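> The whole structure should be built from the sequences, with the hints applied where relevant.
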Amino acid sequence: MNYPVWDVSFGAGLLIALVAILHVFVSHFAVGGGLFLVVTERKARRANDTALLGWLKKHSKFFVLVTVVFGAISGVGIWFTIGLISPAATSDLIHIFLWGWAIEWVFFFLEITAALLYLYGWEKLDPKTHQWFGWLYFINAYLSLVVINGIITFMLTSGSWVRNHEFWRGFFNATYFPSLAFRTAIALALAGIYALITASVEKDAALKARIVRWSACWAVPGLAVLPALGYWYIRRIPHDLWASARGSMPTATTYAGYAVILLGVAMVLALLTLVKPGRMHLSFSLLVLVVALSAMGSFEFVRESVRKPFVISNYLYANSLYSTAIPGDGGFSVDEVSAAGVLTSAKWIRNRDLTASNQAEVGHEIFRVECASCHTANAYRGLKHYLVLRQWDQAKVEAMVGGLEFMHNGVMPAFAGTDAERGALAAYLSSIQPISAQAASAASDGGTIFAQNCSMCHQVAASDPLFKNLISDPASASNALQDLTSLFPLMPDLKLTDRQRLELVEWINTQRSAKGFNQATQGGK
Amino acid sequence: MLQSNLIPVLDPNPLPAPYWLLKLLLIVTFTLHIVAMNFMLGGAVLALTAKWSAKHREHGKRVFFDVAKKLPSLLPATITLGIAPLLFLQVLYGQFFYTSSIIMAWPWFLVLVLLTVAYYGFYFVSFRSGRDSRKVACVMLVSTLLVVLVGFVFSNNITLSQTPARWAAKYFAHPSGWNLNLTEPTLIPRFLHFFVAAVAVGGLLLVFMALAAWKRDNAYARQLLNFGGKAFLFSTMAQFVVGPLFLFTLPRDLRMMFMGDNPLATTLLLVGIAGGVAALVVMSSALRNGNIRAAAFTVPGLVAVVIASMAVMRDLLRDAYLKPYFHPEQFPVKTQWQVLPLFLALFVGGVALWLVMIWRYGLLGGRSTIAAEASNMEDGGTR
Numbered sequence: 001m002n003y004p005v006w007d008v009s010f011g012a013g014l015l016i017a018l019v020a021i022l023h024v025f026v027s028h029f030a031v032g033g034g035l036f037l038v039v040t041e042r043k044a045r046r047a048n049d050t051a052l053l054g055w056l057k058k059h060s061k062f063f064v065l066v067t068v069v070f071g072a073i074s075g076v077g078i079w080f081t082i083g084l085i086s087p088a089a090t091s092d093l094i095h096i097f098l099w100g101w102a103i104e105w106v107f108f109f110l111e112i113t114a115a116l117l118y119l120y121g122w123e124k125l126d127p128k129t130h131q132w133f134g135w136l137y138f139i140n141a142y143l144s145l146v147v148i149n150g151i152i153t154f155m156l157t158s159g160s161w162v163r164n165h166e167f168w169r170g171f172f173n174a175t176y177f178p179s180l181a182f183r184t185a186i187a188l189a190l191a192g193i194y195a196l197i198t199a200s201v202e203k204d205a206a207l208k209a210r211i212v213r214w215s216a217c218w219a220v221p222g223l224a225v226l227p228a229l230g231y232w233y234i235r236r237i238p239h240d241l242w243a244s245a246r247g248s249m250p251t252a253t254t255y256a257g258y259a260v261i262l263l264g265v266a267m268v269l270a271l272l273t274l275v276k277p278g279r280m281h282l283s284f285s286l287l288v289l290v291v292a293l294s295a296m297g298s299f300e301f302v303r304e305s306v307r308k309p310f311v312i313s314n315y316l317y318a319n320s321l322y323s324t325a326i327p328g329d330g331g332f333s334v335d336e337v338s339a340a341g342v343l344t345s346a347k348w349i350r351n352r353d354l355t356a357s358n359q360a361e362v363g364h365e366i367f368r369v370e371c372a373s374c375h376t377a378n379a380y381r382g383l384k385h386y387l388v389l390r391q392w393d394q395a396k397v398e399a400m401v402g403g404l405e406f407m408h409n410g411v412m413p414a415f416a417g418t419d420a421e422r423g424a425l426a427a428y429l430s431s432i433q434p435i436s437a438q439a440a441s442a443a444s445d446g447g448t449i450f451a452q453n454c455s456m457c458h459q460v461a462a463s464d465p466l467f468k469n470l471i472s473d474p475a476s477a478s479n480a481l482q483d484l485t486s487l488f489p490l491m492p493d494l495k496l497t498d499r500q501r502l503e504l505v506e507w508i509n510t511q512r513s514a515k516g517f518n519q520a521t522q523g524g525k
Numbered sequence: 526m527l528q529s530n531l532i533p534v535l536d537p538n539p540l541p542a543p544y545w546l547l548k549l550l551l552i553v554t555f556t557l558h559i560v561a562m563n564f565m566l567g568g569a570v571l572a573l574t575a576k577w578s579a580k581h582r583e584h585g586k587r588v589f590f591d592v593a594k595k596l597p598s599l600l601p602a603t604i605t606l607g608i609a610p611l612l613f614l615q616v617l618y619g620q621f622f623y624t625s626s627i628i629m630a631w632p633w634f635l636v637l638v639l640l641t642v643a644y645y646g647f648y649f650v651s652f653r654s655g656r657d658s659r660k661v662a663c664v665m666l667v668s669t670l671l672v673v674l675v676g677f678v679f680s681n682n683i684t685l686s687q688t689p690a691r692w693a694a695k696y697f698a699h700p701s702g703w704n705l706n707l708t709e710p711t712l713i714p715r716f717l718h719f720f721v722a723a724v725a726v727g728g729l730l731l732v733f734m735a736l737a738a739w740k741r742d743n744a745y746a747r748q749l750l751n752f753g754g755k756a757f758l759f760s761t762m763a764q765f766v767v768g769p770l771f772l773f774t775l776p777r778d779l780r781m782m783f784m785g786d787n788p789l790a791t792t793l794l795l796v797g798i799a800g801g802v803a804a805l806v807v808m809s810s811a812l813r814n815g816n817i818r819a820a821a822f823t824v825p826g827l828v829a830v831v832i833a834s835m836a837v838m839r840d841l842l843r844d845a846y847l848k849p850y851f852h853p854e855q856f857p858v859k860t861q862w863q864v865l866p867l868f869l870a871l872f873v874g875g876v877a878l879w880l881v882m883i884w885r886y887g888l889l890g891g892r893s894t895i896a897a898e899a900s901n902m903e904d905g906g907t908r
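Going line by line, the protein sequences match chains S and X. The letter at position 265 of the first sequence is residue 265 when you use the working numbering, and the numbering goes up by one with no holes. Take the position in the second sequence, starting the count at 1, then add 525; the result is the number in the working numbering.
It is worth saying that the hints were derived from the structure and are not from the lab. In this text the structure is predicted, and so the values were computed from the model without any measurement. Just so you know, even glycine gets a beta-carbon here, dropped at the ideal spot from N, CA and C. Heads up, some of the hints might be wrong.
What the hints assert, rightly or not - No farther apart than 25 Å at their CA atoms in a straight line, the calculated lysine-lysine pairs in the DSS-like style are these:
id: 1; chain 1: S; residue 1: Lys128; chain 2: S; residue 2: Lys43
id: 2; chain 1: S; residue 1: Lys61; chain 2: S; residue 2: Lys124
id: 3; chain 1: X; residue 1: Lys695; chain 2: S; residue 2: Lys347
id: 4; chain 1: S; residue 1: Lys347; chain 2: X; residue 2: Lys848
What the hints assert, rightly or not - Going by beta-carbon spacing under 7 Å, a handful of chain X positions derived as facing chain S:
id: 5; residue: Leu531
id: 6; residue: Pro533
id: 7; residue: Val673
id: 8; residue: Gln863
Rendered as structure tokens:
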């Protein structure tokens, strides 16, 4: 609301994801590949293996073309992109960690210089000096990871920084070391996996076999330690955040599953390279790379997902509102905007008055400043699809927007704005996909009624308040569900028909007995 | 709607160092960035000019490839040296810079794509060193044009960030980010001012190459000196047209700042003009006498003074543009003493290590026995 919102039709979140994913694929190779180059050079020179050295020269060219060109530009690219889509978060991170970024820049500059001199120095430098450049490259590349890792993990686990605002508290946060170890392992694994590509086009079968075996020495252990390091990482993530990836949030859970499966497949494929290493084809090496990168992409996606609704945990929401009012926030916290209203608080909107005739238009502006950092109307994380699935009419949308912060394990921040503005947002959302009240109340089987009205906050689980506490007697339970807000003040004021309530209660009872949940007593709600 | 209401509020986190230090780092690192950019862009333009205008085809081709081989190093130097000023710009002027970037988000984002393509193009040319095909020249031309376009997008963004009065109309007409700042009267003169300066400094790159080759291949070195020196002379003379054009398109009160109203700004402009004139005189004399030392040491010394004064003038101009909206005295400051000294130590250590690196490589007349060849590509093979 402080900054204008870039209206990306296909989804601002998708654009960030694309740039970031492409960058991490290359940046981890840039770190691990640096060590691979210099260690392999040392090995080849000690064994006087000119064939291996010849391949390594070609590989170093490939390395520079991928990492220095694409890696460097895409790294700047993430910075450009987050500045365009999350300027408040970017500004916060730059203010909080300015000297961290500046230190990283020093390492980055040395890293790039060393990479170029290493590449150009193959024929010009004596072996010792050449390897000195290789080590300098790797050390600086690794140090840049050491720095950037502090800032990335801070976004997920800001810890006590939120209270004391001390640089090193934020930097060496709860997930710093597991993340550094995890990313180091990824970097080493990718060093071996990328090397398979240049190895696969090598014509000398004996040389190819040597390189493939050597690459597997990097890829296999790197992949093998990831589960243990991942477990350590997960243990350091607050339990309530990690719950998203364990079933509370559909997308995070799905990608967590992909990450595990793809990591396993990557491991198997990496081992398969050893079966006939001298005959490995380019297509197979690309397959290994694609699977490994997909596993890594899934991991990054889970990390980003469990961080939601925050972009900086316990500090700034993904929609650039501060989670609590802080001095100098300009009134851009959820509570302040709710009190003053979006139309008063937001700088970059045109409509300052809400009337009966401009509801949807105002709602569109509210959508842009509050929702568009993650959602679109009908593309990436499109709400049209969501509304069709749930069959919510305008009244239901309005009621549900009042409880956004409870949906899917709290993946979204609370709606910030007045009740009238919430109504305007509902009017806009309903204009994307008009659903009549009649259609909205057409669902007649309990499962569908649950999916459409309850599943965004409640889960079919013994510990869920609905399954735990709802009394089993259908008539009494149906009666209790008549007025949800009196049941729990933060529930939306949904109005189901008598028949729908009965169907829902019966379905809940069926689930409880089928899954062996302890049934609530008459004393429950 | 009052424009000042649209200016985003300051970041709630205080500046992590005194304002003056951040400003100093901004100006110093920007100057380094602009020098690298000038070598890269000016070098690329002159390489193409040499190829297409040289009387002796072989000479033009040799200059073309000798410069082309340096571009894959000069472009990342430009990018990496650009990161630091962009960082300090964002911490001081984020309110203006983020906003203008968002208003012209797509052109700004596409800078990344343009740079990537240009970069691979430069590598393509350098890897085909000595192969005199039309394709190589075309790739070089495309890459150079893309880099010029990147510069033009930067000029758009910087001018837009300084003119908040234009923001609302542009943003609300196209919130999708398809905007530029083409109606800004200073845009083209400003862009040309930078472009022409880049060609002049690109001329100095050729002069440095002449210096490196002076003993090894004197005839070729003299050609480089002559070509680079003339490029410097012509473009610096052109600057005496473009510069005043830029000055006179500025709003009157800002223009007058450099013409008496602000003593510092006026002095810097006079220093800049005097330095430019002196550089012209020294270079033309050096070319007449074949004096490589004057061309490669005195002229760059004078140009360094000009660039430094221009960098400070540019900053004064930005603050004058933003005077109604930008109040640095309102910045909360909380110096991060627990980390600032570490940065300063690493920065100094980093510069020292960098110098050791290029010395060990053989640049700076270091230990490599083939120092003059040092910046060439490993598979160049033209000599």
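> A separate judgement is required for each hint: does it hold in the structure or not?
Okay, the hints, checked on the actual structure:
no.: 1; hint: Lys128(S) to Lys43(S); verdict: holds (13 Å)
no.: 2; hint: Lys61(S) to Lys124(S); verdict: holds (15 Å)
no.: 3; hint: Lys695(X) to Lys347(S); verdict: holds (15 Å)
no.: 4; hint: Lys347(S) to Lys848(X); verdict: holds (20 Å)
no.: 5; hint: Leu531; verdict: holds (5 Å)
no.: 6; hint: Pro533; verdict: holds (4 Å)
no.: 7; hint: Val673; verdict: violated (17 Å)
no.: 8; hint: Gln863; verdict: holds (6 Å)
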